[in-house]
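Participant: This is what each chain is made of:
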Amino acid sequence: MLDDAMPTIDMPAGPGVLAAGSILYLDGVTVSFDGFRALNSLSLVLAPGELRTIVGPNGAGKTTMMDVITGKTRPDKGDVLFDQNIDLTRLDESAIATLGIGRKFQKPTVFEHLSVFENLELALKTNRSTLATLFFRLSGQQAEQIAATLQRVGLADKARQQAGSLSHGQKQWLEIGMLLMQDQRLLLLDEPVAGMTDAETEATAELILDLARDKTRSLVVVEHDMEFVRALGAKVTVLHEGSVLAEGSLDAVQANPKVVEVYLGR
Amino acid sequence: MTSFSARLLTCGNRRLWTGLAVGALVFLVLVPVLNLAVPVDSALHLPNYMVTLLGKYLCYALLALAMDLVWGYCGVLSLGHGAFFALGGYAIGMYMMRAIGSRGVYGNADLPDFMVFLNWQELPWYWFGFSQPWFALLMVVVIPGALAFVFGWLAFRSRITGVYLSIITQAMTYALMLAFFRNEMGFGGNNGLTDFKDIFGFDLALPSTKMGLYLASAVVLGLAFLLARFIVTSKLGRVMMAVRDAESRVRFLGYSPTAIKLFVFTLSAMLAGVAGALYVPQVGIINPSEFSPANSIEIAIWVAVGGRGTLIGAILGAFAVNGAKTWLTGAAPELWLFLLGALFIIVTLGMPKGLIGLWAQSKARLFRRSAVTEEKEARHA
Amino acid sequence: MLKLVLALVALLVCSPAYADDFAGAVRALNADSFSDKLTAADTLAALGDGRAAAVFEAMADGRLYATADGTILIEQSGSYRDAVSGATVAASDAAAITVNNRLRGALRAAAGQLGLLNSDPVIRQQAAESMLATPNPDAADTVRKALAAETVPAIKALLSQAVARLDLADSDPAHRLSAIAQLAASSDPQVRGLLQPLADGDSDPQVKAAAQKAVSSIENRLGLIGIGVNIFQGISLGSVLLLAAIGLAVTFGVMGVINMAHGEMIMLGAYSTFVVQEAVRALLPPDYFGLYLVIAVPVAFVVTFAVGVLLERTVIRFLYGRPLETMLATWGISLMLQQLVRSLFGASNREVANPAWMTGGIELIGGFTLTYNRVVIILFCLAVLLALAAVLRWSRFGLFMRAVTQNRPMASAMGIPTGRIDAATFGLGSGIAGIAGVALSQIGNVSPNLGQGYIVDSFMVVVFGGVGSLWGTLVGALSLGLVNKLLEPYAGAMLGKILVLVAIILFIQKRPRGLFALKGRSVEG
Chain A
411 MLDDAMPTID
421 MPAGPGVLAA
431 GSILYLDGVT
441 VSFDGFRALN
451 SLSLVLAPGE
461 LRTIVGPNGA
471 GKTTMMDVIT
481 GKTRPDKGDV
491 LFDQNIDLTR
501 LDESAIATLG
511 IGRKFQKPTV
521 FEHLSVFENL
531 ELALKTNRST
541 LATLFFRLSG
551 QQAEQIAATL
561 QRVGLADKAR
571 QQAGSLSHGQ
581 KQWLEIGMLL
591 MQDQRLLLLD
601 EPVAGMTDAE
611 TEATAELILD
621 LARDKTRSLV
631 VVEHDMEFVR
641 ALGAKVTVLH
651 EGSVLAEGSL
661 DAVQANPKVV
671 EVYLGR
Chain B
84 MTSFSARLLT
94 CGNRRLWTGL
104 AVGALVFLVL
114 VPVLNLAVPV
124 DSALHLPNYM
134 VTLLGKYLCY
144 ALLALAMDLV
154 WGYCGVLSLG
164 HGAFFALGGY
174 AIGMYMMRAI
184 GSRGVYGNAD
194 LPDFMVFLNW
204 QELPWYWFGF
214 SQPWFALLMV
224 VVIPGALAFV
234 FGWLAFRSRI
244 TGVYLSIITQ
254 AMTYALMLAF
264 FRNEMGFGGN
274 NGLTDFKDIF
284 GFDLALPSTK
294 MGLYLASAVV
304 LGLAFLLARF
314 IVTSKLGRVM
324 MAVRDAESRV
334 RFLGYSPTAI
344 KLFVFTLSAM
354 LAGVAGALYV
364 PQVGIINPSE
374 FSPANSIEIA
384 IWVAVGGRGT
394 LIGAILGAFA
404 VNGAKTWLTG
414 AAPELWLFLL
424 GALFIIVTLG
434 MPKGLIGLWA
444 QSKARLFRRS
454 AVTEEKEARH
464 A
Chain C
454 MLKLVLALVA
464 LLVCSPAYAD
474 DFAGAVRALN
484 ADSFSDKLTA
494 ADTLAALGDG
504 RAAAVFEAMA
514 DGRLYATADG
524 TILIEQSGSY
534 RDAVSGATVA
544 ASDAAAITVN
554 NRLRGALRAA
564 AGQLGLLNSD
574 PVIRQQAAES
584 MLATPNPDAA
594 DTVRKALAAE
604 TVPAIKALLS
614 QAVARLDLAD
624 SDPAHRLSAI
634 AQLAASSDPQ
644 VRGLLQPLAD
654 GDSDPQVKAA
664 AQKAVSSIEN
674 RLGLIGIGVN
684 IFQGISLGSV
694 LLLAAIGLAV
704 TFGVMGVINM
714 AHGEMIMLGA
724 YSTFVVQEAV
734 RALLPPDYFG
744 LYLVIAVPVA
754 FVVTFAVGVL
764 LERTVIRFLY
774 GRPLETMLAT
784 WGISLMLQQL
794 VRSLFGASNR
804 EVANPAWMTG
814 GIELIGGFTL
824 TYNRVVIILF
834 CLAVLLALAA
844 VLRWSRFGLF
854 MRAVTQNRPM
864 ASAMGIPTGR
874 IDAATFGLGS
884 GIAGIAGVAL
894 SQIGNVSPNL
904 GQGYIVDSFM
914 VVVFGGVGSL
924 WGTLVGALSL
934 GLVNKLLEPY
944 AGAMLGKILV
954 LVAIILFIQK
964 RPRGLFALKG
974 RSVEG
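Protein chains in written order, with this note's numbering: chain A, 411 to 676; chain B, 84 to 464; chain C, 454 to 978.
What the simulated footprint calls covered on chain C by chain B, stretch by stretch (three residues with Cβ under 8 Å from a Cβ of chain B suffice, anywhere in the stretch; the number is not a length): (1) 768 to 775; (2) 956 to 968.
Where chain B lies over chain A, by a calculated footprint (3+ residues, C-beta under 8 Å): (3) 498 to 509; (4) 530 to 538.
Here are the simulated EDC-like cross-link-like pairs (lysine to aspartate or glutamate), alpha carbons at most 20 Å apart as the crow flies: (5) Lys436/B <-> Asp328/B; (6) Lys436/B <-> Glu522/A; (7) Lys482/A <-> Asp502/A; (8) Lys139/B <-> Asp286/B; (9) Lys568/A <-> Glu522/A; (10) Lys318/B <-> Glu554/A; (11) Lys963/C <-> Asp486/A; (12) Lys963/C <-> Asp502/A; (13) Lys482/A <-> Asp444/A; (14) Lys568/A <-> Glu554/A; (15) Lys318/B <-> Glu522/A; (16) Lys293/B <-> Asp281/B; (17) Lys482/A <-> Asp328/B; (18) Lys535/A <-> Glu330/B; (19) Lys482/A <-> Glu330/B; (20) Lys517/A <-> Asp608/A; (21) Lys517/A <-> Asp635/A; (22) Lys517/A <-> Asp328/B; (23) Lys661/C <-> Asp625/C; (24) Lys645/A <-> Glu612/A; (25) Lys645/A <-> Asp624/A; (26) Lys666/C <-> Asp641/C; (27) Lys436/B <-> Glu778/C; (28) Lys517/A <-> Glu330/B.
I should point out that these hints are in silico values taken from the structure, not numbers from a laboratory. Don't be surprised by glycine CBs; every beta carbon is placed ideally from N, CA and C.
Based on the provided sequences and hints, a complete structural model is requested.
Facilitator: Here it is in structure tokens:
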């Protein structure tokens, strides 16, 4: 239903061709705030089913990049394409979310006044129209789906508890659970293990690897924790001052003199 | 629709239905009996003016309910809800003006008195249709609803939220007040619409008509309560609360806060319009001062005093604040504004959940204490 | 000495033979019938003698007496003097010369014409002005004579216009043409009214064309003046809005606090002015009354600053981060302040007088006056704005204030007392509102509801201009004032205001953060 209305780009020699076979395609994306360039001609291509980790010092533009992909920020220039030809720069947040892009925020944001169960229920993949939401009734199968997710993120015994009363780490898990309920094709995780204990971090890494295993969805993980990045064992992109500094395996980028300079120099 | 009514019946629990039954018993049985069946000289007799006063409170309660839906549940503090109330009132007022016919001071069957006074020759186009009761009743919800829809569409689409939205809704009702003050608008200017004779063929001066209007207010409030209850207990209700607490997060889940807020805002405006339409025949006048920004802000305080985010709280708050107002403006008028002002401050500073919150708190404390004493007694034993 | 000079002037102006005619004509006024009196008055007027003016005035007032021997006397507050010689005389047997209304009118007109020849330039100017307003063809010769003798340029200009007006009615087309040429430079709607009949249908086509051209050039000039008047009134309204909104720009713009009691701070400022005025009236000699306004400015600032600090410490600081609740609580405060003032001062309006140096105005062309109080308010408002900008930009307090609003924890870590800065900032915003109240007391009623009238408007100014930008507030206030006043001639005051409100509501859809919005990630929320 939505596909008819999606703005697409299909110029023969345009970005559509270059974006062929990608799930996410960013080219020459520039964003500036009051003269400060948060993104400076950033280019990035993600293949379907790929797991990618993104690292970079503070202010490198990681969060701004996610804002651009999810429609929160409009780029000054550049192409942002989803699934080869859907132009994301012309859609708003809810349309992009409906399209199949989910996001976990750096600071966990759950609905504090609702219960854990209700948080997941809202995330459940359903018709998002207002009237359909008004007359929505949870089917037995959907209830089971929520129960399964509760199990998976380890919150089964807290289903009736108010989300606001959860610990920081539990909120992170709940948010990941909400992402799972949405059943998205592209997941953007902004520092998913910030504030977690070592055990929780390990479990999160396992969960992410588990999600990436069947290659049905693509994941972009932004993280500072190098142990965690190593545990994911995925291709790493290093951002610096709003553009890509290096790309490759973790060992390769760690050996890159430019990266060393950015992290250790000055 | 059958599934809707089925849901309506199942959405509540036993406590809800008991509460509703008690409410119906008091307002639909006890009040009429005390007014009509108990002899006038009895101490238990409820005088006619009290019936009308209660009818007014019921309209305020409906207005508070509408406000609570949009503010308490959806986080949109509209400071222009008085405008929707007034528009509903003007719609029914226009019908009642037309129903006067040739019984006015000037005896003009085609024009209301104030138009004759202003030397108007013919009825303005927007007055056509208002001689029909069904048309007027339709306009009672259509006009506030349409205004809310257009205004809300413009505002929510541009993501005007929080205090900005409050300020422009205030500007809206202020602009409407100025507009309705103008004689050229054709709504009676300063004096508004008044001197009504009857409504749907019933003489407004008769106590039986007043009782009828009172009963209609009570029934409509009950129905509106059920409708609101259905909405807030649905999944949409939970999305509304999610919008209230973290609007941008809702967007990233794929819901459109714009559409949700627009739905609630429009529905709420329609309910406010109905409240106005029930109010005006009972008080017998509608004039532009109903649009004044102060009136709209007062609605917010009814809801806040009762407890926003709870439907029963909104109704309770409307009764409590207006009851206090009636009593105090009679007993010590200069104290009323001090009390009202203090209420605004106390509620925002000290009791964010209103009377309902206080009740829940004291109940919890009581419960905890009894649990502690029981434990102590158990240990002693 | 002065009398001597006047006498010399009189001698120079009037020849002795003239004087004899004068005496005879004056005596003739004491005729039996009203028509004879009228003829005598005409004769006297035709002499063009300046002294006749006083005689006509006296006769019209019923103060002209005739003795049994026919000597004519002028009565002035109980004493009599000879109308011809001016000598004071005793008059026990004098009888008043009666007049009727028709005669009285003619006498006054004649006195007016003769005023043109008076030796006092003030009287001459008045006479010339009234001649210009009601041209009288019979007086044409007198006006010409006066024009020839006139030396004061302003009066000369008036007289030449009057002559031109009289010429418009002349039967000779050439006279009419030259008169039109002279009047075309006027910017007086009355002159346009005079030329209009000629432009509509003069018998001479050349005159008609010239008159049409002259009318359109006058109309252009009047149109320009009208726009100028509207612009001035717009700037004046804008300065009032700006005064009301500057304080809000501090509390809302800098602190993000919606102060619904802002209007009441203005009201308190106005009442402080009233109290200071009463104190000055009671304690100082009347000569110093004009000083009260100068005293009222600091007093109002201190009073409202204190009230603002009190409110911030007792209520508002507990509500930071909850803007909607702040809005409701401050509304409650506004209700209480209104009722407090109503209880203390009564519900009715209080009289605040303009000091002498603020009354009156500079008259410009086209009968349009720049009133001093409006001019003073415009200047005052700019001064307040500049002073505030300077405080924010250069003072240590301003630096602290900006630091606290930009990064509270960091400011606190650096030892800035954030709580005290908050209180002082709110006090500053309230104090400026108080100063605005001093100014607004000069142009409107001082009543407990004074603030309510400004609250919606001042919010509109701040929202329209862009929150947190003083420059935006200035532009916002001036443009709203101008648009309002420029719309008024077409839409009327009320509808103009409604249109402006609707326009702002629509504008906010496009630019939700106002004209001069801060951009950046921090404001995305």
